[in-house]
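A.B. asks: Residue strings, one per chain:
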Amino acid sequence: MPPILEIRDLSIHFVQYERGFRRRRLPVIRDLSLTIQPGQVVAVVGASGSGKSLLAHGILDLLPYNGQMEGSILYQGEPLSPRRAEQLRGDEIVLIPQGVTYLDPLMKVGDQIRRGRKDPDSRARCTAALQRYGVGPEVEALYPFELSGGMARRVLIASAVVDRPKLIITDEPTPGLDAKAAGRILGHLRELAEEGAGVLLVTHDLELALTIAHRVTVFYAGETIEEAAAQDFSSSAGLRHPFTRALWRAMPQHGFHPLSGAQPYPGTVDTGCPFAGQCSRCRPDCVQTQRIPLRPWRGGAVRCLFPEEEASS
Amino acid sequence: MGRLGHRLRFAGKKLLRMVLLLFGVSAVTFALMAASPLDPLQTNVGQAALGSMSPEQIAQLEAYWGMDVPPLERYLSWLIGALHGDFGTSLLYRQPVLTVIGQRLRSSLWLMLTAWILSGVLGLALGITAGACRDRWPDKLIRGYCFTISSTPAFWLALLLLMIFSVWLGWLPIGLSIPIGMDAASVTLLDRLRHAILPALTLSITGVANIALHTREKTIDVMESDYALFARARGERPLAIAVRHGLWNVALPAITLQFASISEIVGGSVLVEQVFSYPGLGQAAVTAGLGSDLPLLLGITVVTAALVFAGNLAADLLYGAVDPKIRRGAARS
Chain A
0 MPPILEIRDL
10 SIHFVQYERG
20 FRRRRLPVIR
30 DLSLTIQPGQ
40 VVAVVGASGS
50 GKSLLAHGIL
60 DLLPYNGQME
70 GSILYQGEPL
80 SPRRAEQLRG
90 DEIVLIPQGV
100 TYLDPLMKVG
110 DQIRRGRKDP
120 DSRARCTAAL
130 QRYGVGPEVE
140 ALYPFELSGG
150 MARRVLIASA
160 VVDRPKLIIT
170 DEPTPGLDAK
180 AAGRILGHLR
190 ELAEEGAGVL
200 LVTHDLELAL
210 TIAHRVTVFY
220 AGETIEEAAA
230 QDFSSSAGLR
240 HPFTRALWRA
250 MPQHGFHPLS
260 GAQPYPGTVD
270 TGCPFAGQCS
280 RCRPDCVQTQ
290 RIPLRPWRGG
300 AVRCLFPEEE
310 ASS
Chain B
0 MGRLGHRLRF
10 AGKKLLRMVL
20 LLFGVSAVTF
30 ALMAASPLDP
40 LQTNVGQAAL
50 GSMSPEQIAQ
60 LEAYWGMDVP
70 PLERYLSWLI
80 GALHGDFGTS
90 LLYRQPVLTV
100 IGQRLRSSLW
110 LMLTAWILSG
120 VLGLALGITA
130 GACRDRWPDK
140 LIRGYCFTIS
150 STPAFWLALL
160 LLMIFSVWLG
170 WLPIGLSIPI
180 GMDAASVTLL
190 DRLRHAILPA
200 LTLSITGVAN
210 IALHTREKTI
220 DVMESDYALF
230 ARARGERPLA
240 IAVRHGLWNV
250 ALPAITLQFA
260 SISEIVGGSV
270 LVEQVFSYPG
280 LGQAAVTAGL
290 GSDLPLLLGI
300 TVVTAALVFA
310 GNLAADLLYG
320 AVDPKIRRGA
330 ARS
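Chains as they are written, first to last, in numbering that gives the first Met the number 0: chain A, 0 to 312; chain B, 0 to 332.
The hints are simulated quantities; they were obtained by calculation from the structure and are not laboratory data.
Just so it is clear, the structure is predicted and the values come from calculations on it, not from any experiment.
There may be inaccurate statements among the hints.
[Stated by the list, open to error] Sample of chain B residues at the chain A side, in silico, Cβ under 10 Å:
1) R8
2) R133
3) A227
4) R233
5) R236
6) A239
By construction, the Cβ of each residue, glycine as well, lies at the ideal position given by its N, Cα and C atoms.
Isolated chain A (complex conformation):
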């Protein structure tokens, strides 16, 4: 059985016009690769501004008009062309967006979930989908501004599962929710995976992602720097990239050690390792090498010239 989604060397860049005439390419995602098997939750973890949301939009062929994409995306073993993406999105491939701004402010919730269909079957499925997440049918008659944050999130999930999707892409499903509500939302996602769907979880919250993800892809300045299994995160020693280890150490239960410095904006680092500015193990080679490839390493993958060994701490 082929993977649900297979992304190979995906790059996304924007074309900008400087002073009206000169075209400039602004890369936001470089050489991203990931694979999602049926029933699997794959998390893409990165800081805000690292281009994660664009990945979600790119798969659905929903980039802004000046966005361009290179590389290959295979859906169930076949190339996901813009045409195919257009046919599949909303039915087999669904997006669970960040928040209530993704609902039309002037349309009732029920009408939006049903996408304008009014037949009894659509109505029943809409009510059932909401029911599944503990949202009563009275909510269908509400406008988005009348929903609470947690309610809006559940409505958005319900909107995604009205038709049985095979691939669920979710973009930051938890911000603004308390730990209990966030846990519940993630539980719903896990459940969808257990029913056989592939779930791509895009988030900045490593800790929450680890509660449901099977595999984790770490994003730094628009690049995949590590691909690991969730259980690799049980100890710092299982991780491969210095940044991932720094992320691990920054988690509350691992000492809450912050990493000093800031991530460069995507596209501002042309040569060498983008993490060089923040890396404690940076060597001259790291800055001088043109392009550091993502390579397989201990059952995962890493983009580092001198990956962390299992023994080092």
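Dock chain B against the given chain A, drawing on the hints supplied.
C.D. replies: Just chain B, lined up with the frame of chain A:
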């Protein structure tokens, strides 16, 4: 309280605001006219005629134009009369002000209404088209048109149309609202329409630009919004999105624009009617202003201000009908 109470309070507040506005507008108009250097006698009677008159005759005329009464007293007596529904008598037309305004408004109303509807519908359609085709040729064409028209004075455009359609092509009359030298009884509706085409067209052409440009911006906002993206992610087609989500969301600002444009059309009609010698309210306002016909000018000012205010009020009320935040918010408070 509930819904009705809220509505009543809203209406009461608006009514009070309108009274204050009309009062302020009339006071400012009066003050400007009182400070005007125009001598009503010289303007309306003429230097030569004045020279041949006896002092008694001149004093009589000064009394007719109200020059012997202090301004404040004149304003107060006008105000008291106006509060009783008596707006006085036009000094130039020698008819009650309300009668003159009624006649003028009737011929202007068609003009303004046509221009208002035409510019609103065309502006909305062009704006949505431009916004949906952002940066492609329809957008560039529409934007080019709007910028050109926005930077063209209305009277100049009126003269241009007059030159092309009346002078060169001879298709339409040069001015007035009915043919010259024709018995009023034998004037047909077609005659009136033919005379109203050019002024209405001028007003519409200028009105379109503003509405189209604003609608375009809003359409772009909607098409780039999170909810439009999500609608696409759920497999809705661009055209369906524009109709299902775009139209309502664009309607909100469009309503405001449409009703705010009443003031622009009233203002524009003053110049346009002047160019076409069209006997409407705008032309009467110019005549009254230049001829020191204070009662008529005050009457016209108050009536047009009320018209503009009514337009904004209608926009506010319609907003409540379209926007669920206002509708449901109002119901709850």
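A.B. asks: Of the hints given before, which are not true for this structure?
C.D. replies: When the structure is compared with the hints, only number 1 turns out to be violated.
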